[in-house]
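Chemist: Sequence:
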Amino acid sequence: MHLTAFPKSYKKIFWTGISNKVIISCQNVAEVTLSSFCVFSLISGCGTFTFLSSAVAAISGLLMGYELGLISGALLQMSSILALSCKEQEIIVSSLLFGALFASLIGGFLIDRFGRRLAIIIASSLLVLGSLILLPYESYGIFIVGRIAIGISISLSSIATCVYIAEIAPQHRRGLLVSLNELMIVIGILFAYISNYAFARVSHGWKYMFGLVIPLGALQAIAMYFLPPSPRFLVMKNNDEAARKVLERLRETSDATKELTVIKSSLKDEHQYSFLDLFRSRNNMRARMLVGLTLVFFVQTTGQPNILFYASTVLKSVGFQSNEAASLASTGVGVVKVVSTVPATVFVDQVGSKTFLCIGSSVMAVSLVTMGLVNRNIYVNFTNVCRSQSPEDFFLQRPGNLTGVTNGSLKDLFASMASPERLSFDAQRSPDVARMGELNRTALAGGKSTTGSHVESGEVPVVLKWLSLASLLVYVAAFSIGLGPMSWLVLSEIFPGGIRGRAMALTSSMNWGINLLISLTFLTVTGKISLVTSPFPPHLSKFALVITASQCWLSEPLKNTIALLG
1 MHLTAFPKSY KKIFWTGISN KVIISCQNVA EVTLSSFCVF SLISGCGTFT FLSSAVAAIS
61 GLLMGYELGL ISGALLQMSS ILALSCKEQE IIVSSLLFGA LFASLIGGFL IDRFGRRLAI
121 IIASSLLVLG SLILLPYESY GIFIVGRIAI GISISLSSIA TCVYIAEIAP QHRRGLLVSL
181 NELMIVIGIL FAYISNYAFA RVSHGWKYMF GLVIPLGALQ AIAMYFLPPS PRFLVMKNND
241 EAARKVLERL RETSDATKEL TVIKSSLKDE HQYSFLDLFR SRNNMRARML VGLTLVFFVQ
301 TTGQPNILFY ASTVLKSVGF QSNEAASLAS TGVGVVKVVS TVPATVFVDQ VGSKTFLCIG
361 SSVMAVSLVT MGLVNRNIYV NFTNVCRSQS PEDFFLQRPG NLTGVTNGSL KDLFASMASP
421 ERLSFDAQRS PDVARMGELN RTALAGGKST TGSHVESGEV PVVLKWLSLA SLLVYVAAFS
481 IGLGPMSWLV LSEIFPGGIR GRAMALTSSM NWGINLLISL TFLTVTGKIS LVTSPFPPHL
541 SKFALVITAS QCWLSEPLKN TIALLG
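The sequence shown maps to residues 1 to 566 in the UniProt record's numbering.
Take the hints with a grain of salt, since some may be wrong.
[Claimed, not checked] Derived CB-CB ranges, DEER-like:
{"id": "1", "residue 1": "His204", "residue 2": "Lys245", "range": "47 to 57 Å"}
{"id": "2", "residue 1": "Lys258", "residue 2": "Leu219", "range": "31 to 41 Å"}
{"id": "3", "residue 1": "Phe226", "residue 2": "Gln272", "range": "33 to 43 Å"}
{"id": "4", "residue 1": "Ala242", "residue 2": "Ser265", "range": "10 to 20 Å"}
Quick caveat, the hints were computed from the structure, so don't treat them as lab data. No residue lacks a Cβ here, since even glycine has one placed at the ideal position from N, Cα and C.
Construct all of the structure, not just a fragment, from the sequences and the given hints.
Modeler: In structure tokens, the structure reads:
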């Protein structure tokens, strides 16, 4: 029976009961949240207010991770609703990166001039505005505008948040609190993948996905207004008395005057810095910048960031046929990233960022070598990854069909992808797709053309396929332990405060620029490159050696540059 059939008195009782339950739930959540803050602040050893300020600022990481991972699932629905071509999908993904690149070019000057806290407030407000633009329209052009605004927001906030947390945190807990931002990023990615799965079968579900972030962005903007500015920034602006008061609130047990003296001493000569000093040998600045740019380069060329954007699309191309199935499978990547980031965040101050970098890069190298060896005998179908999904595809999908085969074996999964029945619809749409499908069927049969839908038994051992999957997950985990959180921690520590904002902006610009170039061509390149014919496995092994050697080479400059900062 519908609710409107009940008398008004019954409806009033009903809604009163619902409201009371909501209020009680909110109270419980508030109590649990407050208790959690107290517990974590005790564990961190940096004081409740310092931890609270860092956590509120780190919401930027949560918003950033959510926006980065969200497009993975939203793109599946939008590609069918708007009939997007491959290039249009790449432009939609890259529009956020274009905005991020633009913001990174000017963000450093903004946060050095107007402050870290104000930059975070502006970024949160802009994210809310960009999300609101996306909700009422179903236009390709409007969507690009909204995503550019969101890109500017997350780029500006990523620079300001790392600097803000580094400058309010006590030195002995700086690594823990700065890494909290990276932990929030991976949690945001996981939330995005969960949201993708939850709304995968909902009509226009992508609007709900983008709308969920609006309340949190508004809440952060309001909360940051009541938090103190960075004491280091106040000293840079010759406001020593305000900086002392902020330090007294942040440091519950230490002497604020003593720390203020340390800050003033470290800033004594930094007001003379110019942008070109980043590339000069004075104060070992050139080595610092080399370390920063090298770390950022490897963060992007590992391919990890692009998996966030295209995870569901790629998983769909290898057998997870429905949007729901691909989105659900993507959550596995998010779970691995979260679980792996936790130990790096908790133990970074005890173990050291350099150790995590070496461990993470070494494990990445081993997993790359393993994938290179295993994939010599495993052929994955990427032929349909660069094809816009039609409305017929969207409605023909079965939500319960997670693999497209009746049993759960990987052999049948890969064999079914090359079946004539699977390719018949594609052949009607694109002769190239059908021809590429025939090539894949030939490759799956060990070089012999076949018209059957299954690979002969024993052709590709199942254990190798599971080993390939395990290597991929280990690779993701190693990245989340090493390069993921540690690179940004190092960047926030190795540059002097007077030029830190501009240095972070430059490294961030390189980060977004490389990401933009890769994302603009990801679907096109993936659709044209065949793992069967390309010399990909040997290159994986070579790249593994480069990663390991580079991290060992970075160890000494990293040690020297951090030592210069005391």
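Chemist: Against each hint, give a clear statement of whether it holds in the structure.
Modeler: For each hint, the structure was consulted:
1. In this structure, His204 and Lys245 meet the distance hint of 47 to 57 Å, their C-beta atoms being roughly 50 Å apart.
2. Between Lys258 and Leu219 the Cβ separation comes to about 35 Å, which falls inside the hinted range of 31 to 41 Å.
3. Taking 33 to 43 Å as the suggested C-beta distance range, the pair Phe226 and Gln272 conforms, at roughly 34 Å.
4. Roughly 18 Å separates the CB atoms of Ala242 and Ser265, a value that falls within the hinted 10 to 20 Å.
Of the numbered hints given earlier, the model fails none.
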